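Keeping the supplied structure of chain S fixed, place chain D upon it in accordance with the hints.
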Amino acid sequence: MTLPTWLDNPAFGVGLTLLVYCAAVGFRSKRRGINPLVVTSLFLIVFLSVTGIPYEAYRAGGDWIAYGLGPATVALAVPLYKHAAAIRRMLGPVLLGIIAGSILSLAAVLLLLYIPGSPRELLLSMLTKSVSSPIALEITKRTGGIPELSAVFSVLSGLFGSVAGPAFMRICGIRGDVPLGVGVGTSSHGIGTARVLLDSEWAGGVSGFSMAAAGIATSILMIPVYGWL
Amino acid sequence: MKGIAILIAFYLAGVALEAWLRLPLPANVTGMILLALALFSGIVKLEWIEKESGLLLRHMGLFFVPAIVGTIAFADMIQSHWMYVIAGVVPGTLLVMAVSGFVTKGLSRKEKNVHDSADVAG
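Chains S and D supply the protein sequences, listed in that same order. Going left to right, the first sequence walks through residues 1 to 229 as the numbering used here numbers them. Going left to right, the second sequence walks through residues 1001 to 1122 as the numbering used here numbers them.
Any given hint could turn out to be false.
[To be verified] Stretches of chain S that chain D covers, calculated by requiring three or more beta carbons in the stretch to come under 8 angstroms of a beta carbon on chain D:
#1 183-191
#2 214-221
[What the hints assert, rightly or not] Simulated crosslink set (DSS-like; lysine-lysine; CA at most 27 angstroms straight-line):
#3 D:Lys1051 / S:Lys30
#4 D:Lys1051 / S:Lys82
#5 D:Lys1002 / S:Lys82
#6 D:Lys1002 / D:Lys1045
#7 S:Lys30 / D:Lys1045
#8 D:Lys1051 / D:Lys1002
These aren't lab readings, by the way, just hints derived from the structure by calculation. Owing to the predicted nature of the structure, the values given are computational and were not obtained by experimental measurement. For each residue, glycine too, the CB sits at the ideal point set by N, CA and C.
This is chain D alone, in the form it adopts within the complex:
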């Protein structure tokens, strides 16, 4: 329970910071960055939150369910624009995957041997 309390506290801190500083980052991302900083600086110990965060991450899908159920309302919209949906999701996902993989692979290989950096252009 301590872990859950810490996670909620950092989420709340994210919400508060976002509101006060008018941060352009979502509150949950701000909370994530704050918690990462707290972990790296040793303010929060990993073992305080490890079990609970593991549980939340393993079952992250559960928290999406209401949002997905709520999309019944958008079924018509998706249906009438199905071409855009497929065009965005299928090649878009593959392209992002390949390019980020290529860039990482190309750059890390370049550190080891000089040739073969053509991949980087992706």
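Next up, chain S with everything else stripped away, as it sits in the complex:
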């Protein structure tokens, strides 16, 4: 099968992704519930399967977009730095909360691994579900899981946490901006942080700090786990 050359050009994947993403962001300004990441991804999946354009053709440009994850993760240093002064006052409790959550997140999935007949590759990709996708991708490259699948689990956890998180924390009686930010940031990274930001900038700042710190904590906690897997 020969493709028209314009489909093989990376500009196709880059342009298509940007176009659909911008449209999704535009829709969001009308209806707040829309998540541009979900809308864009679903649209592209349907679009590729309907038109029969092979994934490889899209990927030539998709890889360019995905490259942005590196610098974007590095940019997390900015909220970390900006809110450090405000967080310093409560640094102990905040860090311990983040570390407890990160340990629990790994432990829960490691336990599932011990169920006889459990899908090992899938669960290895799930270990990092609470951290931001770019960090999950990198960690999962080292565990023998499927990096792309780990990104999906990160997004699923982020979406679920952003939808259910604030209400769940209220039901649990965990009130206050700082515990909310730590809980949502540690469990649901950037997608959860964006949700918390809608209610309180301070809680959003704590959540942003927590997602960065949880990413670092999980990367460090994984060091002994690699050898053990």
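Same frame as chain S, now just chain D:
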């Protein structure tokens, strides 16, 4: 553009450090730590990168799109193990959220008044 160049430079530094020192941390996390250190020590000024990093963080979702589209290949795998997927994502996320929130709340309350530290056990 200066901000983008600085962010890419720190990412590259992370990649290089990871390769040379065989760091067990992902290159992007290493780059993030390096940039945080540079900000705290004043080597990099916040205003050099504030606008561009804000832009990247606001649109972080965009960079995930190709990875998510790439998972069409795993649809069968997720479907055949949907129970594990739900078991891991739903209670796992809620548990992590509640415990980290409880620990932070319990500990910060203990600093103010001595009683009521039971939450810490979470």
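Now for the hints, and whether the structure bears them out:
1. Figure legend: the region 183-191 of chain S, annotated as covered by chain D; annotation consistent (7 residues with Cβ-Cβ distances under 8 angstroms, at least 3 required).
2. Coverage of the region 214-221 of chain S by chain D holds. Counting CB-CB distances below 8 angstroms, 4 residues qualify, and the rule asks for three or more.
3. Distance check on the hinted pair: Lys1051 (chain D) and Lys30 (chain S) sit about 25 angstroms apart at the alpha-carbon level, within 27 angstroms; holds.
4. For the proposed pair Lys1051 (chain D) and Lys82 (chain S), the alpha carbon gap of about 13 angstroms is at most 27 angstroms, so the pair holds.
5. Simply put, Lys1002 (chain D) and Lys82 (chain S) have alpha-carbon atoms about 19 angstroms apart, close enough for the 27 angstroms limit, and the pair holds.
6. Among the hinted pairs, Lys1002 (chain D) with Lys1045 (chain D) is consistent with the structure: their alpha-carbon atoms are about 12 angstroms apart, no more than 27 angstroms.
7. Distance restraint check for Lys30 (chain S) and Lys1045 (chain D): the Cα-Cα separation of roughly 36 angstroms exceeds the 27 angstroms cut-off, and the hinted pair is therefore not satisfied.
8. Between Lys1051 (chain D) and Lys1002 (chain D) the alpha-carbon distance is near 10 angstroms, which keeps this suggested pair within the 27 angstroms criterion.
Of the numbered hints stated above, the single one contradicted by the structure is hint 7.
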